[in-house]
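Enquirer: So the chains spell out like this:
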Amino acid sequence: NAGVTQTPKFQVLKTGQSMTLQCAQDMNHEYMSWYRQDPGMGLRLIHYSVGAGITDQGEVPNGYNVSRSTTEDFPLRLLSAAPSQTSVYFCASRSTGSQETQYFGPGTRLLVL
Amino acid sequence: GQQLNQSPQSMFIQEGEDVSMNCTSSSIFNTWLWYKQEPGEGPVLLIALYKAGELTSNGRLTAQFGITRKDSFLNISASIPSDVGIYFCAGASGGSYIPTFGRGTSLIVHP
Numbered sequence: 072n073a074g075v076t077q078t079p080k081f082q083v084l085k086t087g088q089s090m091t092l093q094c095a096q097d098m099n100h101e102y103m104s105w106y107r108q109d110p111g112m113g114l115r116l117i118h119y120s121v122g123a124g125i126t127d128q129g130e131v132p133n134g135y136n137v138s139r140s141t142t143e144d145f146p147l148r149l150l151s152a153a154p155s156q157t158s159v160y161f162c163a164s165r166s167t168g169s170q171e172t173q174y175f176g177p178g179t180r181l182l183v184l
Numbered sequence: 003g004q005q006l007n008q009s010p011q012s013m014f015i016q017e018g019e020d021v022s023m024n025c026t027s028s029s030i031f032n033t034w035l036w037y038k039q040e041p042g043e044g045p046v047l048l049i050a051l052y053k054a055g056e057l058t059s060n061g062r063l064t065a066q067f068g069i070t071r072k073d074s075f076l077n078i079s080a081s082i083p084s085d086v087g088i089y090f091c092a093g094a095s096g097g098s099y100i101p102t103f104g105r106g107t108s109l110i111v112h113p
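If you read the sequences in order, they're chains U and F. Each position in the first sequence, counted from 1, maps to that position plus 71 in the numbering used here. Each position in the second sequence, counted from 1, maps to that position plus 2 in the numbering used here.
Be careful, since some hints might not be right.
What the hints assert, rightly or not - Derived DEER-like restraints, expressed as beta-carbon distance ranges:
id, chain 1, residue 1, chain 2, residue 2, range
1, F, Ser29, U, Asn99, 27 to 33 Å
2, U, Gly111, F, Ile69, 25 to 31 Å
3, F, Ser9, U, Gln93, 44 to 50 Å
4, F, Ile15, U, Met90, 21 to 27 Å
5, U, Thr76, F, Glu19, 33 to 39 Å
6, U, Gly87, F, Gly18, 29 to 35 Å
7, F, Gly42, U, Met98, 21 to 27 Å
8, F, Pro113, U, Gly124, 31 to 37 Å
9, U, Pro110, F, Gly18, 26 to 32 Å
10, F, Ile110, U, Arg148, 35 to 41 Å
What the hints assert, rightly or not - Partner residues aside, some chain F positions facing chain U, computed with beta carbon under 7 Å:
id, residue
11, Pro41
12, Leu47
13, Gly87
14, Ile100
15, Phe103
16, Gly104
17, Arg105
18, Gly106
Please keep in mind that the hints were generated in silico from the structure rather than gathered at the bench. Built from N, CA and C at the ideal position, the CB exists for glycine as well.
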């Protein structure tokens with residue numbers, strides 16, 4: 072199993088550009104989520120999904136869109152990038168069950184100029 | 003939203019020392035989690051706690067789920083240089099099990 076994969080690893084955008092951060096997992100997990108990590112702020116939840124076709128907002132959803140058309144993939148879209156979206160983005164997935172374990176991807180480092 | 007207060011914010015210790023960090027919440031959680039993040043990597047789950055009062059160990063790491071369900075602590079015994087990283091607590095409640103994270107404790111271990 073590859074676990075949780077994220078692409079790209081690094082990205083530089085200009086203000087106003089759009090892009091999609093990709094996330095995929097091969098563990099057949101129902102739950103997937105996106106976090107952003109900023110210095111001193113910990114991990115803040117952007118959007119999450121409890122299954123294909125179901126998404127919901129987290130703590131900081133503004134400026135981001137998600138969709139979940141398959142169990143495996145959970146892309147995060149920035150429609151019009153802003154400097155405030157400069158951050159490290161982590162995707163995570165977990166399965167349901169009595170011993171839930173959430174796995175994180177390696178992260179995407181985004182710089183918006 | 004739910005607030006998690008994690009302390010201390012950072013720790014600078016000598017190799018061999020024991021470490022203690024904790025998290026408190028304004029809300030009750032059903033699950034407490036402790037993660038470690040190394041530079042350039044995503045967080046990795048260290049210990050998961052599912053029951054109030056539960057005490058769980060993972061090698062030199064021990065974590066406890068507070069009786070009030072509003073706090074948890076993590077202890078690391080006999081620290082070594084590879085313990086360096088950021089440690090996050092996270093709490094979860096409700097059926098969706100999407101955890102809320104603390105702001106992290108940065109640990110530096112001097113050889």
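Enquirer: Run every hint past the structure and note whether it holds.
Expert: Hint-by-hint comparison with the structure:
no. : hint                            : result
1   : F/Ser29 x U/Asn99: 27 to 33 Å   : holds (31 Å)
2   : U/Gly111 x F/Ile69: 25 to 31 Å  : holds (30 Å)
3   : F/Ser9 x U/Gln93: 44 to 50 Å    : violated (36 Å)
4   : F/Ile15 x U/Met90: 21 to 27 Å   : violated (41 Å)
5   : U/Thr76 x F/Glu19: 33 to 39 Å   : holds (37 Å)
6   : U/Gly87 x F/Gly18: 29 to 35 Å   : violated (53 Å)
7   : F/Gly42 x U/Met98: 21 to 27 Å   : holds (23 Å)
8   : F/Pro113 x U/Gly124: 31 to 37 Å : violated (52 Å)
9   : U/Pro110 x F/Gly18: 26 to 32 Å  : holds (29 Å)
10  : F/Ile110 x U/Arg148: 35 to 41 Å : holds (37 Å)
11  : Pro41                           : violated (11 Å)
12  : Leu47                           : holds (6 Å)
13  : Gly87                           : violated (13 Å)
14  : Ile100                          : holds (5 Å)
15  : Phe103                          : holds (4 Å)
16  : Gly104                          : holds (6 Å)
17  : Arg105                          : holds (4 Å)
18  : Gly106                          : holds (5 Å)
Violated hints, listed in ascending order, are 3, 4, 6, 8, 11, 13; each of the other numbered hints is respected by the structure.
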